[in-house]
Amino acid sequence: MAEIGHGGKEIVERIMEPSEAKEKIKGLKQVPIRSQIANEVIGISYGFFSPLEGFMGKADLDSVCKKMRLANGIVWSIPILFDMSEAELSDYGIKEGDSIVLTYQDNPFALFEVEEIYEYDKKEICQAVYGTTEDKHPGCARTYAYKDKFLGGKITLVNRPKINPPFDPYFIPPLEMRKRFKEKGWVRIVAHQTRNVPHTGHEWLMKGAWLQTYGELSIEKPIVGVLVNAIIGEKRKGDYIDEAIILCQDELRKAGYFGDHNHMTSLTFWDMRYAGPKEAVFHAILRTNLGLTHHMYGRDHAGVGTYYGPYDAHKLLESVKDELGITPVYSMNWLYCPHCGEVTSEGLCNHRDEWQKFSGTVIRSIVMDGVKPPRLIFRPEVFDLVMECAEKYGFGSPFVTDEYLEKRTPVFSVEPLE
Amino acid sequence: MAEERYPINIWVNEERYEKLREAGLADLCEEMLAGLKVIRVYANDAQKDKILKAFPTAKFDSATTKSIELLPKDVKDKMFDLIVQKKSVEILDEFLSNY
Ligand SMILES: [Zn+2]
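Taken in order, these protein sequences are the chains called Y and F. The first sequence begins at 183 in the working numbering and counts up by one. The second sequence begins at 93 in the working numbering and counts up by one.
Simulated from the structure, these hints should not be mistaken for lab results. Hints are not guaranteed to be accurate.
[Said to hold, decoys possible] The calculated SDA-like cross-link candidates involving lysine to any residue, where the alpha carbons are at most 25 Å apart (straight line), are:
1. LYS554/Y x VAL369/Y
2. LYS211/Y x GLY190/Y
3. LYS145/F x LYS277/Y
4. LYS277/Y x GLN218/Y
5. LYS165/F x VAL257/Y
6. LYS145/F x LYS389/Y
7. LYS129/F x LYS211/Y
8. LYS589/Y x THR156/F
9. LYS389/Y x THR156/F
10. LYS151/F x MET454/Y
[Claimed, not checked] Partial list, computed: chain Y residues near chain F (C-beta under 8 Å):
11. GLN309
12. GLY420
13. MET514
14. LYS539
15. THR543
16. ARG546
17. SER547
18. ASP551
19. GLY552
20. VAL553
21. LYS554
22. PRO555
23. PRO556
24. ILE559
25. PHE577
[Unchecked claim] Here's a subset of chain Y near chain F, in silico, CB distances under 8 Å, partners left out:
26. GLN538
27. PHE540
28. SER541
29. MET550
Think of the CB as a built atom: it goes at the ideal place given N, C-alpha and C, for glycine as much as any other residue.
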């Protein structure tokens, strides 16, 4: 049976078998790509970005900027672009109509059928997508870093990435993910977007969203799940290391705060744009393709600085809700109330003067001091695992350092095409 | 108007608490976050700016707690030792004179 993804289109993996691939790429020009582009090649070819079949041409880009839609009318909020400089194009001798091989880590990775080479005003992209042209916005910075020409055309993976431990069990592309959900018998699944090691505030966000999602469904059998979908992409100094994020999220299930019957952890390769509302719509698209039915959104989802209001994302989602295949679930913050003696929702407890709010920053500061927080704030199993990850993967630190950036094992490898 | 003061939270585990008790300073601890003990050293505006400049990993958590967070552990250790030595949380001037 066809699996239907975002925009009502069937999800089709664009992946060639190695024997065919070896023939197809013989003699083609090889062009190395950077990690952002490699992440997007995976997004396109496994169907995370369905219905996209490749990097955007000018008509799609223009329509995304002006109407938040692809040229065919399907809602799409973030440009997916392949860039090259004029000099590179002439050095490689690439012109419209060529097929080229994209290489990553010096090995063939994907076939790119270049249909179109064009220019587009980057400032216009920034204003349309990020609502600002300031280069201190990380999404604008990423846009301005594009070289001056864009190449549009279809992508086909010729060499599956090898996902390295400990990440390998967590790479579950859309078609496989949908199978897993069926095996579990889940009829509703709510997405938790994260780039964090979970404290109990996050845990309760998930628990609250699970309750909201359960709604009117029968409770005879467990049929609602939470999918943690960690975004793995470019790291900055001071972030939690990727290994700690993915393993600690899963630890909430392993240590029994959730169970196999209601919780799963996975990852998506994506370099965050911090586009706030536009990124919220993009996350809805990603998770629709993964087979989810619901998506958690807190205040200022995927925002940065003070560029977006706390509810801007919710309003934009509302405006296209009939065209999204996923239902937004809005979350209020959770905090510790000493009077209640528990973690509670700011929408429930009224001991406002006594509330002890905790941010991710404060928790990171406690972890940095090597101090184990109380279990109501941070689960002891998660704390022990963060420290273990620091030793095993982080060169002594649970947070990204220069040494980690330089020496870590990549999350995935592209090996020679056999 | 009183000058704004921004706390630096020095989190107190058992080891640190033991040192405080021995020095007769257990009273310096406040309880924060479900009973987690903390000593708070307060910075004024100028001190806050100096700290954020001297330690680039440090972050002013403007949204939730209005505190200065994410100072490296060895910096916190030094501050803690100075508190025990001076038997006071008024240590920032002396501490920052080295930076
Ligand atoms: Zn209460």
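The hint names SER541/Y as touching chain F; please verify it with the least Cβ-Cβ distance against 8 Å. holds (4 Å)
When the least beta-carbon distance from GLY420/Y to chain F is tested against 8 Å, hint result: Where the cut-off is 8 Å and the nearest Cβ of chain F is about 6 Å from GLY420/Y, the hint holds.
Holds or violated: are the alpha carbons of LYS165/F and VAL257/Y at most 25 Å from each other? Judged against 25 Å, a Cα distance of about 47 Å means the pair is violated.
Interface hint for PRO555/Y, Cβ within 8 Å of any Cβ on chain F: Hint holds; PRO555/Y Cβ to chain F Cβ min 6 Å, cut 8 Å.
Checking one constraint from the list: CA of LYS129/F to CA of LYS211/Y, max 25 Å. Satisfied? This hinted pair is violated, its Cα atoms lying about 62 Å apart.
Interface hint check: MET514/Y, Cβ to nearest Cβ on chain F, cutoff 8 Å. Holds or violated? Given a least distance of 14 Å, the restraint on MET514/Y is violated.
Measuring from the C-beta of SER547/Y to each C-beta in chain F, is the shortest one below 8 Å? Where the cut-off is 8 Å and the nearest Cβ of chain F is about 4 Å from SER547/Y, the hint holds.
How about THR543/Y: closest beta carbon in chain F under 8 Å, or not? With Cβ-Cβ at 5 Å, under 8 Å, it holds.
Measure nothing beyond the straight line between the CA atoms of LYS277/Y and GLN218/Y; if it is 25 Å or shorter, mark the hint as holding. holds (23 Å)
Need the status of pair LYS554/Y, VAL369/Y: alpha-carbon distance at most 25 Å? Roughly 38 Å separates the two Cα atoms, so the pair is violated.
Against chain F, is PRO556/Y within 8 Å by beta-carbon distance? holds (4 Å)
Does the structure keep LYS589/Y and THR156/F at a Cα separation of 25 Å or less? Since the Cα atoms of LYS589/Y and THR156/F sit roughly 34 Å apart, the hinted pair is violated (cutoff 25 Å).
This entry does not satisfy hints 1, 2, 3, 5, 6, 7, 8, 11, 13, 25, going by the numbered hints stated previously.
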